[in-house]
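K.L.:
With chain W's structure known, arrange chain A on it following the hints.
2 protein chains.
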Amino acid sequence: MPETKVKKTEDFNEWYNEIVELADLCDKRYPIKGMNIWRPYGWTLMSHIDQLIKHEMNNTNHQEVYFPLLIPESSFKKEEEHIEGFGSEVYWITHAGLNKLDERWLLRPTSETAMYPTFSLWIRSHADLPLKTFQIVNTFRYETKQTRAFIRVREIHFFEAHTCHVDFKDAEKQINEDKEIAKRLFDKLCLPFIFGKRPDWDKFAGADYTISIDVLMPSLRTLQLGSIHQYRDNFSKPYNIKYETEDGKHAYCHQTTYGMSERIMGALIGIHGDNKGLVIPPEIAPTQIIIIPIIFKGKEKQIIETCGLLYEKLKNEGFRVKIDKRDITPGNKFYDWELKGVPIRIEIGPKDTEKKEFTIVRRDTSEKRSVSQNSSILIIKQIFNSIKEELSKNAEKILKENLHRVNTIDDAKNLKGIIELPWCGVQECALEIENILDGNTLGEPIDNIECKYTCPVCNQLGKTWMRYAKTY
Amino acid sequence: MPETKVKKTEDFNEWYNEIVELADLCDKRYPIKGMNIWRPYGWTLMSHIDQLIKHEMNNTNHQEVYFPLLIPESSFKKEEEHIEGFGSEVYWITHAGLNKLDERWLLRPTSETAMYPTFSLWIRSHADLPLKTFQIVNTFRYETKQTRAFIRVREIHFFEAHTCHVDFKDAEKQINEDKEIAKRLFDKLCLPFIFGKRPDWDKFAGADYTISIDVLMPSLRTLQLGSIHQYRDNFSKPYNIKYETEDGKHAYCHQTTYGMSERIMGALIGIHGDNKGLVIPPEIAPTQIIIIPIIFKGKEKQIIETCGLLYEKLKNEGFRVKIDKRDITPGNKFYDWELKGVPIRIEIGPKDTEKKEFTIVRRDTSEKRSVSQNSSILIIKQIFNSIKEELSKNAEKILKENLHRVNTIDDAKNLKGIIELPWCGVQECALEIENILDGNTLGEPIDNIECKYTCPVCNQLGKTWMRYAKTY
Chain W
3 MPETKVKKTE
13 DFNEWYNEIV
23 ELADLCDKRY
33 PIKGMNIWRP
43 YGWTLMSHID
53 QLIKHEMNNT
63 NHQEVYFPLL
73 IPESSFKKEE
83 EHIEGFGSEV
93 YWITHAGLNK
103 LDERWLLRPT
113 SETAMYPTFS
123 LWIRSHADLP
133 LKTFQIVNTF
143 RYETKQTRAF
153 IRVREIHFFE
163 AHTCHVDFKD
173 AEKQINEDKE
183 IAKRLFDKLC
193 LPFIFGKRPD
203 WDKFAGADYT
213 ISIDVLMPSL
223 RTLQLGSIHQ
233 YRDNFSKPYN
243 IKYETEDGKH
253 AYCHQTTYGM
263 SERIMGALIG
273 IHGDNKGLVI
283 PPEIAPTQII
293 IIPIIFKGKE
303 KQIIETCGLL
313 YEKLKNEGFR
323 VKIDKRDITP
333 GNKFYDWELK
343 GVPIRIEIGP
353 KDTEKKEFTI
363 VRRDTSEKRS
373 VSQNSSILII
383 KQIFNSIKEE
393 LSKNAEKILK
403 ENLHRVNTID
413 DAKNLKGIIE
423 LPWCGVQECA
433 LEIENILDGN
443 TLGEPIDNIE
453 CKYTCPVCNQ
463 LGKTWMRYAK
473 TY
Chain A
3 MPETKVKKTE
13 DFNEWYNEIV
23 ELADLCDKRY
33 PIKGMNIWRP
43 YGWTLMSHID
53 QLIKHEMNNT
63 NHQEVYFPLL
73 IPESSFKKEE
83 EHIEGFGSEV
93 YWITHAGLNK
103 LDERWLLRPT
113 SETAMYPTFS
123 LWIRSHADLP
133 LKTFQIVNTF
143 RYETKQTRAF
153 IRVREIHFFE
163 AHTCHVDFKD
173 AEKQINEDKE
183 IAKRLFDKLC
193 LPFIFGKRPD
203 WDKFAGADYT
213 ISIDVLMPSL
223 RTLQLGSIHQ
233 YRDNFSKPYN
243 IKYETEDGKH
253 AYCHQTTYGM
263 SERIMGALIG
273 IHGDNKGLVI
283 PPEIAPTQII
293 IIPIIFKGKE
303 KQIIETCGLL
313 YEKLKNEGFR
323 VKIDKRDITP
333 GNKFYDWELK
343 GVPIRIEIGP
353 KDTEKKEFTI
363 VRRDTSEKRS
373 VSQNSSILII
383 KQIFNSIKEE
393 LSKNAEKILK
403 ENLHRVNTID
413 DAKNLKGIIE
423 LPWCGVQECA
433 LEIENILDGN
443 TLGEPIDNIE
453 CKYTCPVCNQ
463 LGKTWMRYAK
473 TY
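Here the protein sequences line up with chains W and A, keeping their order. Here the first sequence stands for residues 3 to 474, where the numbers follow our numbering. Here the second sequence stands for residues 3 to 474, where the numbers follow our numbering.
It is possible that part of the hints are untrue.
Since copy identity is lost for identical chains, a pair holds within one copy or between any two.
What the hints assert, rightly or not - Subject to a maximum C-alpha distance of 27 angstroms in a straight line, what follows is the list of computed BS3-like cross-link-like pairs (lysine-lysine):
1) Lys80 - Lys30
2) Lys402 - Lys303
3) Lys56 - Lys190
4) Lys30 - Lys134
5) Lys102 - Lys79
6) Lys335 - Lys7
7) Lys7 - Lys358
8) Lys472 - Lys9
9) Lys171 - Lys190
10) Lys303 - Lys315
11) Lys324 - Lys299
12) Lys239 - Lys30
13) Lys415 - Lys251
14) Lys30 - Lys315
15) Lys327 - Lys175
Simulated from the structure, these hints should not be mistaken for lab results.
The following block holds chain W by itself, in its conformation from the complex:
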C-alpha cells in the first residue's frame, strides 16, 4: 500500500508540509505567501474544533460577539505597550477606492484595541460585571519568518475571549476557569499540553502576566497553541473602562483574555498523524466511519444493499458516515481514507454479508476484527473510546519522555525536548541558557514547584524552574 512520499518517522517537517495538502486540508498555492486556502476537508475539521470551543464558551456563560476587522490607528495607539508589541506586524489600509484615507486603518492583529473603547460604553455599574465575551475571527500578522500551514501563517483563524471583572481576584477566578476549559478541550482533542508562566520579557504586550499553552511536536520542538492573559487594569486605564461600585465609587475593571488559534490543527496533524497520513480523534473527525464495499462479481447487489442498510443505521445513530462507491480498487480507497485519518473503516464483502458480519479496521492501530451486524453500534462506540485513549496515551508518553528536569547545563546539553533548569529569576541568566541550549524560554511551571538547586549561570539559589525548548 502506498504511503506518503516522506515518512513522518524520517523527516517530520517535510512530512507535515506534504500531508497538509495531500489530505486536502489546505492549498498553499494562493498568490500571497502565508495565506492559504482552506479546502472543505480542512475547514470542516476546523469547524468541529470551533464547535467544541463554542460549547465550552456557552457552558461558562461567555457571549459571542463580532467586532469589526479594521481598527483606526488612533484607537490602536492608546495603549503604548500594545503598539510596541504589534506595530511592526500589522497591515495598513491607506486608500479606499481612489481616495487616500484621512486616518490609516489596520487589520486586527488581535482585538483589544477594537473592543475596549466599546467596553467602556457597555460597562456602567458592578451589575454589568463580569462581562464575558468571545469571538472567532481571522487575525492578521505580517510574518517575516518562514511560513508553515496552520503553524505560522499571515491570516490566522483565531479564537479570543475577553472578560472584564470588578477586581484582580475575580479576574484570577476567570483565569482558573480558562485553565479548566483548556483541560477539557485538549482532553477531547487527545492533546496533552503544559501550562507555563511566561517570563516578564516575553509576555503579551500589555499583560500583567501570560500563561502559555504548549504542546510538544514529534520534532521535539514545542508549539504554542494558545495563551491566557491577566491584564489587571493595564488596558482599562487607557481605554477608560470604569464601573460604579456598590457603594457608589468608581473603579477600573480588571481584564483577562484567552486566545487560541488554528495551530490546534497543526498540533492534531503533527502529534496524531503517522506514515500513512492523518489520524483524527473521533469526536472531531469530518467523517468518522467510511464504509467500503468489497465487490465480488455476482454479489454486487447484495453487498451494496448491506452497505446501504448499515449506512442508514449508523447515520440514524448520529455518526458521520460515508460509503465509498467510487470505481477504483478497495486498496486505493483504503489509501485515501487512511490519508484523511478517518477513525474507523468498515469493509463489507460477500463473506461478511453471508455471516451477517462486517470487518472493522481501526485507523490508529490498523487492528482488524469481525463484528456481528447486531452489535455494531456498541462496538463502534467502544472503539471510538479506545482510539481516544490510545491517542492520548501515545502523546502523553512522548511528552513525558521528553520533559527533563536537570540541575546543570552539562546535564541539559545533550537532551532534546523540554528542559527544566533551576532559575534565579534574573533575565540575563535565562537568556544565557537560551543561547547555550539554542532554545527559547517557555516559562515557569504554574504549580509553584519548589526549587532547591542553584541557577546554573549565577549560582544563586533558584527561585523556580524555567523551561527551555526549541520552538515553532
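P.N.:
Then chain A, alone, in the frame of chain W:
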C-alpha cells in the same frame, strides 16, 4: 407599557435605526462609520440564519471552503469588467509593518478573483465537475452613501456560493437549484420576495445575467437581499478554468454564483417588527420562549419551582428557553422580551400554579391563553406554526397590495411600492421611466409573462414588463 420612542407605523426609517440598537442587535458607536459591532443577541440571530443557509448548502452537496481575505491587485485585474464594477469601492493595503508592499492588496469585495485562479488548478477533467463550493465571510465595500445597520454597511457579513459546470445547460440547472434554495430559505424566514432579472446595464460586473432577490420593506422601498448570477464562461476564460471533456478535448467551464448578505437581518427586523420591537420567527429566534414568574408574597418558592420544572421540560424538548428571574417588575420584563421579539412568553403566577396551568402570550398577536401544563409541548408547537403562518401571511399581503401592474405612466405616478410597466427592451426608455417615477429598475419578472401593451415612452410594443421601485 412603554413602546419604542418612534413608532414603526409613524416613521419606519427612524424606528428601524432605533430598534437595531434598542434590541441589542448591534452597536453603531464603533469609530469607523458603517462598521458596526455585532452584539451577542444580533450575532446569535445571524448565526441561526447562517445555519439555515449551511443546511441548504449541505443538502445540495455544496462544500464549504475559506479563501483568503486579501487579493493581490494583479489577480483582481484579470477580469476587466469586474474591476470596472468594483475598482472604486475597494480598500487597499499598501503597507505591512514599516514596509511598503511591492504590490497592493485589496480586501475582498466578493471572492471571484480570489477563488478562480485556484479553481483553474482544482479542475482538470469533467469528473471534477460540477464543483460546488460556498463560504460565509465578511466582504468590504467603500460605501459613500449614507450607511444603515445591516442594510448598507462597509463590512458585510456575506454568503457566497461559487459553482463550475461542464456547460451552460448544467449551469442553468444550478440556477434553478439556487432558486429553489431561496424559496425554501425565505419561507422559513417568513419573508416573501420577488425574483427579477436585472436589466443588462444593471447586472453584476462580469455576469451574463443576474437574478435579484428583492423584498418590500414597510417604507415601500425594496431591499435586495441577494442575487444569483449566470457567468457563462466570462470568468473562466480570463482565469483559464478549463477541463478535459469525455472525448479528450478541452473546454472552458460555465460558472454561477449565488450571494446573500446580512441584509436578511434588515428584512427580518423591518418586515416583521412592530411598535413594540422585533418579532422573530420561531425557527431562528435566539430565545424562543421566555418564562416569567409572577411572584406573589408567600408563594415565591412554589412559583419559582414550577417555572424551573417547565424550563427543564421545554429545554429537554429542544426549545431555546430562558427564565427571567431579575429583580424588576413583570411589566418591565414583558417590555424587554417584546422588544427582542421572543415568540412566546409564558407567565406563571400563583393561580396558574394551583390550577396546574400557565399563561401563554404570543408576541405577534399579543393573544393570551391559559394552557394546562400537560398539553404544553403540543400547544407551543402549534403556536410556533401559527406564528410562522401569520408572519408570512401579513408580509405577503403587504407585498401583494403594493405590487402594481399598470400600462401608463399616468397610472403609475401616484402609486407606491413596486410598479410594473410594459417595456420595449430599450435602455433609454427604462431610464426615462426611472427619472419620471424617481425610482430604480428592479428587473423583469423571470416567468416570462407576456406583455401585450406598448412601452409608455416610445410606444413600441412591450417585449416584457419592467419593475420600478424606490430602493434601499
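K.L.:
For each hint, tell me whether it holds in the structure or not.
P.N.:
How the hints compare with the structure:
Taking CA atoms no more than 27 angstroms apart as the test, Lys80 paired with Lys30 passes between copies only; the shortest distance there is 21 angstroms, against 36 angstroms inside one copy. Taking CA atoms no more than 27 angstroms apart as the test, Lys402 paired with Lys303 passes in neither setting, with 52 angstroms inside one copy and 53 angstroms between copies. For the identical chains of this complex, Lys56 and Lys190 are neighbours both inside a copy (14 angstroms) and across copies (25 angstroms), given an alpha-carbon limit of 27 angstroms. For the identical chains of this complex, Lys30 and Lys134 are inter-copy neighbours only, at 20 angstroms across copies versus 36 angstroms inside a copy, given an alpha-carbon limit of 27 angstroms.
Taking the shortest Cα distances, Lys102 and Lys79 sit within 27 angstroms of each other both inside one copy (20 angstroms) and across copies (20 angstroms). Only within a single protomer do Lys335 and Lys7 lie at most 27 angstroms apart by alpha-carbon distance; the minimum there is 18 angstroms, versus 64 angstroms between protomers. Taking CA atoms no more than 27 angstroms apart as the test, Lys7 paired with Lys358 passes in neither setting, with 38 angstroms inside one copy and 70 angstroms between copies. When the C-alpha separation of Lys472 and Lys9 is checked against a cutoff of 27 angstroms, the pair qualifies only within one copy, where the shortest distance is 22 angstroms, while the shortest distance between copies is 64 angstroms.
Taking identical chains as interchangeable, the C-alpha atoms of Lys171 and Lys190 are never at most 27 angstroms apart, the minima being 29 angstroms within one chain and 47 angstroms between chains. For the identical chains of this complex, Lys303 and Lys315 are intra-copy neighbours only, at 18 angstroms inside a copy versus 46 angstroms across copies, given an alpha-carbon limit of 27 angstroms. In this assembly of identical chains, Lys324 and Lys299 lie within 27 angstroms of each other by CA distance solely inside one copy; the values are 23 angstroms within and 59 angstroms between copies. Taking the shortest alpha-carbon separations for Lys239 and Lys30, only the inter-copy value of 23 angstroms comes in at or below 27 angstroms, while the best intra-copy value is 42 angstroms.
In this assembly of identical chains, Lys415 and Lys251 lie within 27 angstroms of each other by CA distance neither inside one copy nor across copies; the values are 56 angstroms within and 63 angstroms between. In the homo-oligomer, the alpha carbons of Lys30 and Lys315 never lie at most 27 angstroms apart, since the shortest distance is 38 angstroms inside one protomer and 50 angstroms across protomers. Proximity of Lys327 and Lys175 under a CA criterion of 27 angstroms is satisfied inter-copy only: 25 angstroms between copies versus 53 angstroms inside one chain copy.
When the structure is compared with the earlier hints, violations turn up for hints 2, 7, 9, 13 and 14 and for no others.
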